[in-house]
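Protein sequence lines, in the order shown, are assigned to chains D and S. Sequential numbering of the first sequence, starting at -4, is according to my numbering. Sequential numbering of the second sequence, starting at 22, is according to my numbering.
Not one of these hints is a red herring.
The calculated lysine-lysine pairs, modelled on PhoX-like cross-linking and capped at a C-alpha distance of 25 Å, are:
hint, chain 1, residue 1, chain 2, residue 2
1, D, 52, D, 78
2, S, 24, D, 37
3, D, 52, D, 91
4, D, 73, D, 52
5, D, 73, D, 37
6, S, 94, D, 37
7, D, 37, D, 52
8, D, 52, S, 24
9, D, 37, D, 78
If you anchor each label on the Cβ, the simulated ranges turn out as follows:
hint, chain 1, residue 1, chain 2, residue 2, range
10, S, 101, D, 15, 41 to 47 Å
11, D, 80, S, 37, 40 to 46 Å
12, D, 80, S, 26, 21 to 27 Å
13, D, 15, S, 61, 24 to 30 Å
14, S, 101, D, 0, 32 to 38 Å
15, D, 46, S, 130, 36 to 42 Å
16, S, 35, D, 78, 39 to 45 Å
17, S, 106, D, -4, 15 to 21 Å
18, D, 57, S, 63, 26 to 32 Å
19, S, 26, D, 49, 26 to 32 Å
20, S, 65, D, 49, 22 to 28 Å
21, D, -4, S, 92, 35 to 41 Å
Taking beta-carbon pairs under 10 Å as the criterion, some of the chain S residues facing chain D (in silico):
hint, residue
22, 66
23, 67
24, 71
25, 112
26, 116
27, 124
28, 126
29, 127
No lab work stands behind these hints, which were simulated from the structure alone. As the structure is a prediction and not an experimental result, all values here were calculated from the model. Built from N, CA and C at the ideal position, the CB exists for glycine as well.
Here's the letter readout for the chains.
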Amino acid sequence: EPEVTQTPSHQVTQMGQEVILRCVPISNHLYFYWYRQILGQKVEFLVSFYNNEISEKSEIFDDQFSVERPDGSNFTLKIRSTKLEDSAMYFCASRKGLPRNTGELFFGEGSRLTVL
Amino acid sequence: AQKITQTQPGMFVQEKEAVTLDCTYDTSDPSYGLFWYKQPSSGEMIFLIYQGSYDQQNATEGRYSLNFQKARKSANLVISASQLGDSAMYFCAPPSGGNEKLTFGTGTRLTIIP
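Same shape as in the complex, but just chain D:
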């Protein structure tokens, strides 16, 4: 069964360092998302991406964050200068179409980021 894969599963970094989280969405999917979940809290939307551009972003997704899909398969989230409060689980997700037509949003297993 096709799945969304994320790397690394866990990354520890020093405050102020750049971090890149990588995702390989399901191959025929068109809509891509990043979410984050601070330990013990709810899953929060960061950004959605469609047709090679950001379609929506939340207030959390400030200038320190960026996304790109450089080669048609990988979908990356970059945090330029990490802060302690960026420590969280980051989930990548993808779907084939809009939920009214195709339903499910498929999630990766997450990348846990720890900022020291």
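Knowing the structure of chain D, use the given hints to seat chain S on it.
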């Protein structure tokens, strides 16, 4: 902005009993339905069930069913014959926005007692 309310932060249920998890939501677009996801302690997000807003009948998927009341904007998840493996966090999430991102509620932590 979307407001999703899950009023039960935690629930304890005896194995084999049915359980209902509440969810109400506030959306400006009546055409959107609602998703439920399960997050076990291992952390992954597992899709359970989707209710389309214009579906005539409540969605069912195995032991999962939705009690969808569109006028009240509520879509409660019913798990029948609960099992120990049902212990997890449960999130409801209506889609919103042009790309229909999911906005998650605060979740309900369900613990099944043997």
